[in-house]
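Q: Make a model of the complete structure from these sequences and hints.
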Amino acid sequence: MSWSKKRIGIERVWNRWGWIFISLMLVGVVMFIFYPIVYSLYLSTFSTRGFLKTFVGFGNYIKLLQDTYFILALKNILVILIVQVPIMLFLALIFATLLNDPRLKFKGIYRTALFLPAVTSLVAYTILFRMMFSNEGLINNFLTSLHIIKEPIRWLLDPFWAKVTLIIALTWRWTGYNMMFYIAGLQNIPMEVYEAAEIDGASKTVQFFKITVPLLKPIILFTSITSTIGTLQLFDEPMNLAAGVVTGSSVGPGNSLLTPSVYIYNVCFKYSPNFGYASAISYVIVMIAAVLAFIQFKVAGERR
Amino acid sequence: MKKFVFKIAVVLMMVLTVLSFAEKAKITIWAWDPNFNIAIMQEAANRYMKINPNVEFDIVSMAKADVEQKLNTILASGVKTGLPEIVLIEDYNAQKYLQSYPGSFADLTKEFNYKEFANYKVKLMTLNDKVYGVPFDSGVAGFFYRRDYLEQAGFKPADLENITWDKFIEIGKTVKAKTGKYMIAADPFDGGLMRILLQSAGAWYFDKSGKPYIANNPVLKEAVRLYKEIKDSGIAKEVSGWNEWVGAFNKGEVAAVVTGVWIIGSIKAEKSQSGKWGVAPVPRMNIKESVNASNLGGSSWYVLQNSKNRNVAIDFLKKIYARDSEFYQKILVERGAVGTWLPAQGGSAYKAKDPFFGNQQVFQLFSEWMKKIPAVDYGIYTYEADAAIMSVMPDVYTGKLSIDEALKKAEQQFLNSIK
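Just so you know, the sequences run in chain order H and Y.
Heads up: the first sequence begins at 1 in the numbering used here, then just goes up one per residue.
Heads up: the second sequence begins at 1001 in the numbering used here, then just goes up one per residue.
Quick look at which bits of chain H chain Y covers, simulated, 3 or more residues with Cβ under 8 angstroms:
no.	segment
1	42–52
2	65–72
3	268–278
Going by beta-carbon spacing under 8 angstroms, a handful of chain Y positions derived as facing chain H:
no.	residue
4	E1068
5	A1076
6	F1189
7	K1419
Hints in this document: simulated from the structure, not taken from any laboratory.
It should be emphasised that the depicted structure is a prediction, and the values quoted were computed from it without experimental measurement.
Yeah, the Cβ is synthetic: ideal placement off N, Cα and C, and Gly gets one too.
A: Listed below in structure tokens is the structure:
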């Protein structure tokens, strides 16, 4: 009896110290994460211009439904989501499988080469791509000298090609990053499974689709959710690819690179400053991200 | 007792020293171009410290976007600290800041004699008959051309004076046919040329009362037609981004550049082209109101109302930017900055002939054109309107939308975005 009482006493003391240790962090989280989340929800019910505020209730959210730029921004990232994310994840999966082959030599070099883009700065690599894909840049010169194309491709001057450029850039930057998750996942799949499949006469392709993909499903789900959220928050790449001559009037030719995050930035800092409206947009983005993640869980059939 | 007196004396002396240190007023300034406005402010500061030694300066260089972000967030949050005494604001943004943050900027109406500044600059910083800024550099536009290319195509400098844009395009076609060079380099989705075109006719995206004026604006309609015409005629080398644009004329790929006077530094950076350039007034539109003078860009200084050393900052701007003619000569020679304080334009530097431009009195010409620039109220939505127009341009270029339809669509988009 007295023994257990003492034990509780110690636990109380431990608990107290535990709370003291994390209190600083908690204060930080409340001040810099919880408070802004709640305050921006409050702010999203106002239309602001600088420090002039008018209460509009759901007005900002209703305005969003008719805002052609916002809808255009959503359409733009939808294209990225449908085209770029699958290509990138599929490539990452292929690379990971190839690199997981025990007979492969110089694995470290390939891995490093494929992962290296993931550690470069977003701004730096985007500016590099901008130079490479300019009208007389490396890519056009290369393609014309090989006689693959006659006229230079208008990479950053045509709404369609601007998106292609963005997709290529994003794929270069993020494939290696996702590949690392797959490699980690593949290492947990025992080699015996593949050996058994081989003895049973399954080809490499069949092994890939019948063993690798199903066993990696949780990781594929994880990467597709993070990539979806990443796409929704896309900012650095379009912002830097689209810098104009003098005014930068549109984000890419005909606003073809406009993303919700860039739009939020413009609403806050480039246009007449409307922080209330910007908060409303960010809340809608969060909701879209949540819905998409939910759908992916359902489609992947994740069960607890 | 003696000791006590001594102690008091020591304390008094300490207090006095502290006070005399505190007397040195610190003026913080935010601007964005180390080779231009930062360097110029440094020069101004050095000059002022000779007049008033009790001042020290902290001139902070940031990216332009960062200046705007910081200013926006600090002003919107309502805190009174963290802001500088003086901030540089782009002219197109002036009204946006003045109207969004009323009371944040010092009213300078009575401090300066604004008749001494270029009229169009004063207009854009005036709100409810009060003037809030000190006009700084001008973006007076010019038509820079390559003498050698145009001569080869059969044009004399006199043929390029006071022409219309239609004539400009005609000349461009001849240049292209005879020399193989493009007339200009252009980003088809950049709003810079649009602003030159509109201001040359004293028009903007808004009417006199500030209401959106896009769909049935004849000047805008003509400007969009010219954008399409320039693209269709093939006289423009398409570029994307600043570096490619500057590269095009530095490498001698184009025969002309039509933009603000601030480009002179970039043109002259290519020393091998010395003597090959000339300058003429910017072309006008085929519209009655349009003149051969316009503007692109430019910025001005503003004093924060709640800053600690506001009055010293105002005195500083007064003594240098509205009195020191020598200063204006120096920044013109060293930085190519065309100031908008008119009395300085009688100075020697303005009259100098520039061998790079075939001994033309370049700055004399620009200051004459500057006086003719029609004043325009940029309003608070210039960037929104720009974006609306440029987002319909792809459909105008392909012919999917007629200009009327496109402008109607742009106006609708614009109205949605400012609602």
